[in-house]
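Engineer: Single-letter residue listing:
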Amino acid sequence: MNRRLRTHTLACMLAGLFGTGAQAAELLVNVEIPRLDVAEYHRPYVAIWLESQDRQTVRDVAVWYEREKPKAEGQKWLKDLRQWWRISGRNQDAPADGVSGATRAAGKHTLRLEDTATALKDLPPGHYTIAVEAAREKGGRELLRLPLKWPPQQPGAATVTGSHELGAVSLTTRP
Amino acid sequence: MKSLIAPLLLTLGLSAPFLAQAHDAWILPSSTVLSGDEAWVTVDAAVGNDKFYFDHRPMALNGLQIKDPAGKDIAAQNAFSGAVRSGFDIHLTTDGTYRIAVVNHGAMATWKEDGKPRRWFGPLENLADKVPARAEGLQVQERLSRVETFVTKGKPSQLDRIDRGLALTPAAHPNDLVAGEKTGFTLTLDGKPLPDAEIEIVPEGSRYRDQLNAITAKTDDKGSIQVTWPAAGRYWLHAQASDTVTSVAQADKRTLSYSATLEVLPQ
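Chains as they are written, first to last, in the numbering used here: chain A, 2 to 176; chain B, 975 to 1241.
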């Protein structure tokens, strides 16, 4: 909480310094985890990341997995987030460190990222992709990608809908 | 009847190098891409015609070499040899790529003793003991084979070049193969690129289709081939060669073979 407050204050100070106004560009990522009628349901592991077109820049936005399991047992299944593991996770010394959280229940989840968020901070202007991948124990795996132009010049939105492990996934950007 | 058998044996003896190559060998890991603090893989090893089906013989594990990501030898655990396959487990305790290989360096000799054909296979060091220095029709062939696979926990690590025998240097990492993507390989013989050599790549699952669907390619003048993976799954890659570079005076010919099990993941 303290750290967040500090970052926020610093961002406001910088904004004031350069006279860019109080409003920072922001990105909303909405992810719907569908409610599934299956005999044995486990919440999916989900990875959300940003990648440049050549994948030279890859930044994690969030990784939801069973972080709380003893002996880091949850990490054993991180590789089932197949593309995330290949593109991002396995290239890190401590995969998902700093962006991970517990698995989430079925429903709609929104992540709000200001341009000072780790995934967006000092990001060179350009065309990117936001990828959302979900993998479920005794279930399937799905990967969706949405285009992102950053920083946004005007408000924008993009939506894609998954077919089994993900519901609607959308991006909203505000300059 | 006897007179018939003798020429038959002779024929068999002469064609022994081809006979010995008639069955393929493979080692098959339970996973190739892993995450977590520590992990286990179990590996099957067998000899037979149908890739990844255990329907002939177990593979002898005498030549098993497991290198951890630092290049250090580690021991297999729970090794066994069954009727149609052998197997072992590997405990992966550090991040990086493990190279699992069965390397056999031996000789094959054929000769005649009292007019009867004799044949011997074995490790190079036993050659002098088991095969007469001089004999009628004596032919000695050195044989070097490598059957291998790769497993990575965490971040893939660099693989050392293999300086002896046939081997493959993938331009991409062997645990970073994805359906629809193209991978370049360089085939090397004693560490040097081998041009104009045939490489055969067989996808798993032949039991459930009518054709082998093997991919064959010839290495270019730099010893390289390009493969675009048609689908996810395990593939058996194979190459062979022969030359006269022998390490024992008795042998005038060397035959080499290489095979690798590669796993291609879906997009």
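Honestly, I wouldn't trust all of these hints.
Mimicking DSSO-like on lysine-lysine, the simulated pairs with C-alpha atoms at most 27 Å apart in a straight line are [what the hints assert, rightly or not]: (1) K1046/B to K77/A; (2) K1227/B to K1090/B; (3) K122/A to K1129/B; (4) K122/A to K109/A; (5) K1196/B to K1166/B; (6) K77/A to K1129/B; (7) K70/A to K1129/B; (8) K1166/B to K72/A; (9) K77/A to K1041/B; (10) K1129/B to K139/A.
No lab work stands behind these hints, which were simulated from the structure alone.
All of these numbers come straight from a predicted model, not from anything done at the bench.
Engineer: If a hint holds in the structure, say so; if it doesn't, say that too.
Structural biologist: Here is what the structure says about each hint:
1. Of the supplied pair hints, the one linking K1046/B and K77/A holds, its CA atoms being roughly 24 Å apart against a limit of 27 Å.
2. The straight-line distance between the Cα atoms of K1227/B and K1090/B is roughly 23 Å, inside the 27 Å bound, and the hint therefore holds.
3. Of the supplied pair hints, the one linking K122/A and K1129/B holds, its CA atoms being roughly 25 Å apart against a limit of 27 Å.
4. The suggested pairing of K122/A with K109/A holds, with an alpha-carbon distance near 26 Å, which does not exceed 27 Å.
5. The hinted pair formed by K1196/B and K1166/B meets the criterion: a straight-line CA distance of about 9 Å does not exceed 27 Å.
6. Of the pairs offered as hints, the one joining K77/A and K1129/B holds, with about 14 Å between alpha carbons and a cut-off of 27 Å not exceeded.
7. Between K70/A and K1129/B the alpha-carbon distance is near 22 Å, which keeps this suggested pair within the 27 Å criterion.
8. With a CA separation close to 45 Å, the supplied pair K1166/B and K72/A exceeds the 27 Å bound.
9. Our distance criterion of 27 Å between C-alpha atoms is met by K77/A and K1041/B, whose separation comes to about 22 Å.
10. In summary, the hint linking K1129/B to K139/A is supported, as the alpha carbons are separated by about 26 Å, within the 27 Å threshold.
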